[in-house]
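Position in the sequence shown (first residue = 1) + 53 = our numbering.
Derived from the structure by calculation, the hints contain no laboratory data.
Each hint can be trusted.
Derived DSSO-like pairs: lysine-lysine, alpha-carbon spacing no greater than 30 Å straight-line:
1. K132 to K193
2. K217 to K195
3. K108 to K128
4. K93 to K116
Note that the structure is predicted; figures quoted are calculated from it, not measured.
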Amino acid sequence: EQAGKPDIVFIPTAFSLSHTPFRMHLTNLEARVATMPTFKLEMFEEGGPMDIDYKEVEESTRKIAEDLRRSRHVKITGKETDMSVEIDSRNVHVSSGMLTQKGAYGNLPGAEAYVPPRHLGNSNGYFTVPRGLGGPFPLKYKARFHIKQGRFVEVSGETLEAQKYTDENVKPSI
Numbered sequence: 054e055q056a057g058k059p060d061i062v063f064i065p066t067a068f069s070l071s072h073t074p075f076r077m078h079l080t081n082l083e084a085r086v087a088t089m090p091t092f093k094l095e096m097f098e099e100g101g102p103m104d105i106d107y108k109e110v111e112e113s114t115r116k117i118a119e120d121l122r123r124s125r126h127v128k129i130t131g132k133e134t135d136m137s138v139e140i141d142s143r144n145v146h147v148s149s150g151m152l153t154q155k156g157a158y159g160n161l162p163g164a165e166a167y168v169p170p171r172h173l174g175n176s177n178g179y180f181t182v183p184r185g186l187g188g189p190f191p192l193k194y195k196a197r198f199h200i201k202q203g204r205f206v207e208v209s210g211e212t213l214e215a216q217k218y219t220d221e222n223v224k225p226s227i
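Given the sequences, and given the hints that come with them, work out the whole structure.
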């Protein structure tokens, strides 16, 4: 009630507030809400990430979403990551950053097309979580998560000390 009935709310913040009661209250009032986790003023400067053609971003994001809708598996590769993930293409979502409808919300700059993996699907491979990540319980060492048939089967550390820490503090859901 203290927020009144705004049309547009811009929330620069350290963490996403998309799923908070405050954001839900604002969108129930039909406000358009944009949150920007790890926002910095420089992002709005010429050449910064907010200095973009949002129609182009939306078009590109929707194309990726269509590719996901036509797919059954997604291959994810990167530094210390190699996975094949079976997806549920009926649940593709788009967060393009275009917040033009009343009650719309999202993180900026947007450009997200995403889909959940199929529960217990044919997902296999591994990904590595860097030291320091883990929300309120940051990892003391990086940990590699191994997945077979959609389940975590092992979590490994690089050294004996890291493995001991991982065994004691990070448990796979076998």
